[in-house]
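*Asks:* Sequence lines, in order, name chains X and P. Mapping of the first sequence onto my numbering: residues 1394 to 1825, in sequence order. Mapping of the second sequence onto my numbering: residues 32 to 301, in sequence order.
No wet-lab data here; the hints were simulated from the structure.
Residues from chain X shown here face chain P by an in silico Cβ test under 8 Å; the list is partial: (1) 1473; (2) 1475; (3) 1506; (4) 1508; (5) 1509; (6) 1510; (7) 1595; (8) 1596; (9) 1597; (10) 1599.
Some residues of chain X that are not near chain P, with every Cβ distance over 12 Å (derived): (11) 1442; (12) 1618; (13) 1634; (14) 1655; (15) 1704.
Backbone N, C-alpha and C fix where the C-beta goes; we use that ideal spot for every residue, glycine too.
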Amino acid sequence: MTDRDTRNAPQSQERRRLLAGLGVAGVAMATGNALAAPSPAKVTEAPHSDRTQERNAWIGEHQPGVVTPRPTAGMFVSFDVLAQDQQDLERLFRTLDQRIRFLMTGGPVPQVDPKLPPVDSGILGPVVTPDNLTITVSVGESLFDERFGLSSAKPKRLSRMLGFPNDALEAERCHGDLGLQFCSNAPDTNIHALRDIIKNLPDLLYVRWKQEGSVPPQAPRKAAEPEQSARNFLGFRDGSANPDSSDAALMNQLVWVQRGDEPAWAIDGTYQVVRIIRNLVERWDRTPLQEQESIFGRKKASGAPMDGQRETDVPNYAKDPEGKLTRLDAHIRLANPRTAASQPNLILRRPFNYSSGVNKNGQLDMGLLFICYQADLEKGFITVQNRLNGEPLEEYIKPVGGGYFFALPGVKNDHDFIGRSLLDAAKPIKTA
Amino acid sequence: MNKTRLALLLTLAPLLANAAVDPLTLVQPVSDYKIYVTEKVDQLVSDTEQFTNAVKKGDLARAKALYATTRVNYEAVEPIAELFSDLDAAIDSRVDDHEKGVEADDFTGFHRLEYALFDKNTTDGQGPIADKLIADVKDLQGRIATLTFPPEKVVGGAAALLEEVAATKVSGEEDRYSHTDLYDFQGNIDGAQKIFELFRTHLESQDKAFVAKVDKNFATVNTLLAKYKTKDGGFQSYDKVAERDRKAMVGPVNTLAEDLSTLRGKLGLN
Chain X
1394 MTDRDTRNAP
1404 QSQERRRLLA
1414 GLGVAGVAMA
1424 TGNALAAPSP
1434 AKVTEAPHSD
1444 RTQERNAWIG
1454 EHQPGVVTPR
1464 PTAGMFVSFD
1474 VLAQDQQDLE
1484 RLFRTLDQRI
1494 RFLMTGGPVP
1504 QVDPKLPPVD
1514 SGILGPVVTP
1524 DNLTITVSVG
1534 ESLFDERFGL
1544 SSAKPKRLSR
1554 MLGFPNDALE
1564 AERCHGDLGL
1574 QFCSNAPDTN
1584 IHALRDIIKN
1594 LPDLLYVRWK
1604 QEGSVPPQAP
1614 RKAAEPEQSA
1624 RNFLGFRDGS
1634 ANPDSSDAAL
1644 MNQLVWVQRG
1654 DEPAWAIDGT
1664 YQVVRIIRNL
1674 VERWDRTPLQ
1684 EQESIFGRKK
1694 ASGAPMDGQR
1704 ETDVPNYAKD
1714 PEGKLTRLDA
1724 HIRLANPRTA
1734 ASQPNLILRR
1744 PFNYSSGVNK
1754 NGQLDMGLLF
1764 ICYQADLEKG
1774 FITVQNRLNG
1784 EPLEEYIKPV
1794 GGGYFFALPG
1804 VKNDHDFIGR
1814 SLLDAAKPIK
1824 TA
Chain P
32 MNKTRLALLL
42 TLAPLLANAA
52 VDPLTLVQPV
62 SDYKIYVTEK
72 VDQLVSDTEQ
82 FTNAVKKGDL
92 ARAKALYATT
102 RVNYEAVEPI
112 AELFSDLDAA
122 IDSRVDDHEK
132 GVEADDFTGF
142 HRLEYALFDK
152 NTTDGQGPIA
162 DKLIADVKDL
172 QGRIATLTFP
182 PEKVVGGAAA
192 LLEEVAATKV
202 SGEEDRYSHT
212 DLYDFQGNID
222 GAQKIFELFR
232 THLESQDKAF
242 VAKVDKNFAT
252 VNTLLAKYKT
262 KDGGFQSYDK
272 VAERDRKAMV
282 GPVNTLAEDL
292 STLRGKLGLN
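Here chain P stands alone, though its shape is the one from the complex:
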C-alpha cells in the first residue's frame, strides 16, 4: 500500500492550498477503500469461476442459484469498475444498451447469461460467453490492482451508486429475466454506505445534521430491503416486492442521491 499512498499524496497535493478538509487526511480512507474494493473483486473472481463452471458443465440449476450472489460483488464496487468502460460494457451491459438486443454480438457478460439461464432456461451454447466473462473479470482484477484510486472518484462513487439504484434498480430493469434486482440493490447500497462510513469523521466535523439525515435514509432503505430477505440470506424475487414498498424506496433513494452528490464538495474535491 505504500506505493499507493505516495501516488495519492501526489494527486492530492494541488488541493492543499485552500480546502475545508485537510487533503492529507483523505489518504487513509482512500487506501482503506482500495482494500475493500480489492477484497470484493477477489471474491468476484472466485465466485465467477464457480458460476461460469456451472454454466459450462450444463448445470442449469446451480448456475441460476449462483447468478445473483456472484454479481453482487461487482455492483458493490461499480464506481471503480466503471472506470474501465470497455470491461464494464463487456461484463455488465444490459440488453437495452444494444440496438440489436439479445442478437447483438457484443452483448456479453452477466446479463447475456441471465437471458439464457432465466428466459431461455438453458445453458446451451453459452460456453464462449462464460469463458469471456471469467477472462474479463480477471482482467478487471489485474487492472484494479495497479490503479491509483482517484479520490474524487472514490468519494463521488457513493452518489454514483445511488444514481444506479434510482435509474435501474427501482424499476426492476437491471435483472429483468431473473428478478434478482434486490441483490444488486443491496450491493449498490452497501457500496455507497462503505464510502460514506470511510469519510464519516470528516463529514461529522462539518455537518452533524447532514450525517444524521444520511444515516436515517440508509437505515430506511436497509429496513425495507430486510423485509424481503429469505432464510438462506438471499432475497425474494423483485416481483414479490409490493408496489407500495417500491415507491417507499424512491423517497430515501432520491434523497440519498441528492445528499451524497454534495460529498465531493464537502470534502473539497474537484
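In isolation and in its complexed conformation, chain X is listed as follows:
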C-alpha cells in the first residue's frame, strides 16, 4: 500500500488539477438537479460525484491539508492524549500514520468472521474511497508538559490560547494535546476517517471536542474573471486577501517554519490556529446593508473593497487616510492594513462555515470554524487578532472555542512516520 502511495502521489495530484475545472461542475450537478440524467431521478437516488477517487499525497515535505485547495467538507477534532509513556506516544503516532495512509489512499476493507465486530464502520462501503481526504496532524502546547520529555522541544511560539477581550471561551471546547483536521469532498468521508481512528486508538486518544463545517461550492468561474471566494454565514466573501497558496516561495515565508530559532525538528511544520466563532446571525440580518458593508469594509454582493469593483481589487488605504471610504476600524482594514510593516502578519486562512443547532434563546448556533496557518504564531494570528480587538464586527461575533496547535512537518518517505522528528527530540524520562 505504501509503495503505491508515493508512486501515485504526483500522478493523482496531476489528475486532481485536471479535474479541478470539471469538479466545480460535478459538485453543482451533485447538489443541484439531475439535468443530465436520462430517466427521471427517484427520491432515494443518491447524489452523484465523479470525484470520489480524488487522492492527495501523504508523503511530502509538508503535511497535506494546509496549502491543499480547500474542499467542501471540513472537521476539526481535538483530543487528549492518554498515552502513559514515550513508548505509548510512539505507538500513537505510528498507528495514526498507518491509518491515515490507508484512509487517504482508500482500498478494500479486510473482511473478518461475521461473528466478530467488523474492522471498519462500513459507512463508505466495502471499498473505502479516498474522496480527496486530507488529515492534518497537529499538537497542542499541553503535549509538551512533563509527561513525555518534550518540554525542551516545544516550538518557541506555541502557547495555550488565551481569551481575547471579545471571547467567551467554553472550557470544554478549547485546547487539546492533539488536533486532527479532516478535509474532503463529503462530511461522511471525514466521519468515516474519524471513526476509524477512534476505533484503532481506544487506549490512547480521548475526544475532547469536535467541530464540523462546510464550504459552499461556487458557480463555475467565468472566462477572464478571477476566482471568487466562498461566502461565510454573514453573507460576505471570506478569504479574499488570502496569500497565494500556490506560491511556494511565499508559503515558505509566511506559512512553513524555516531554519531559525525554532527547534530543528519543527522545520516544515506550521502553527495552526483554530477558533469556533459564533455568528449572531439574527442580529446581523437585522442590520442595514450599508452598515454591514462598512463594518467589513467590502461590498456584500461582489466582495469588492469599498474603493474597488472586483473582489481581487486591492484597497488603497493611502488615498483614504481618514477612512471616508473604508472605515479605519473596518474588519479588513484592521486585519490587513496593506502596509510594508503588516506584510509579516499575513496568515493563510482555511475556514469552514458551521451550523450546530439552536441556543437556549431560540437563536441559531452557527458561525465560522476559523482555521489559519502561519510560520510565526505571534506575528501571525495573535498580532492580527490584537489589531481586531474592539472592531465593530464584535457586536455580531462571539468566539467560544478553539486552540493553538503546531501542525507537524510532513512524512518524508515510506520509512518515516508522522511525528517522528518530534519524538526524536524527546529527552529520556527519568523514572522515579
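Following the hints, position chain P against chain X.
*Replies:* Coordinates of chain P only, in the frame set by chain X:
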C-alpha cells in the same frame, strides 16, 4: 440446575457444527453465571427491602447511606436484568430518559428516589415509589429464576457492561444527584470481570496475549478505583475524582470495550 443445563444444551446444539470452541464446554460457565446472578439478585432484594423501608420510615440519613450499596448489585447483573426492558426502565431509568424529566409519571425506581433523597433532601411523598421499587425488584428475581440464560447474552454481557461504563459512568451522569457513580462503576467492572473469568480457559487456549491484555486493563481500572475507596469499604464522591484520573480511566475502559466486544466471536457464538 439440571433443567437449566438441559435447556442450554438445546440452545447450543445448532452451534455444534463448526466452532472454534466446543459449545458443550460453555454449559458449565453459563450455569455458573446463573448462580452468580441469582446470588446477586437475592442480595439486591434483601438490600432493597432495607432501603425502601428506610425511605418509608422517613429515615433520610439511613436511606441515603443505603442507596449506593443497594443498587450496586443491580449494576453487576445488568446484562441479564436488561433482558426485561419493562423492569429495567422502571428500576433504573435516569431522568434524561424522560422527556418530562422528574415530573414524568413513569420516572420511578432508584434514580427517582435518588433525586428525592439527594437533590430535594427529603423522603416526603416517596412511599409509592419505594413500594413500586421493591415490587419490581422482586418481580425481577422471579423472572430470572425461570430464565434460561442465552449464552450469547451472557458472553456479550461483558462488553455490554463496559459500554455502560463508557457511556454513563465516566461522565458522572449515572448518579448525578448522589455522586455515588464509583459504586456503579465498580459493579459494572466486577460483573464484566466475572464473565471474563468464567470463560478464561476457553480464551486462553486460543489467544494468551489477548487474555493478558484484558487482565492488564482490568487491573488498571481496579487500581484507579481503589484509590478512591473509603475506610468503610465504600467509595468517595465522584466529585472528588481528579480530572486526570477520570481521563486515565477512559483509555482502559474503551480498550476493554473493544476487546470484550470480540468475546462472542472468539467463543463461536452468534
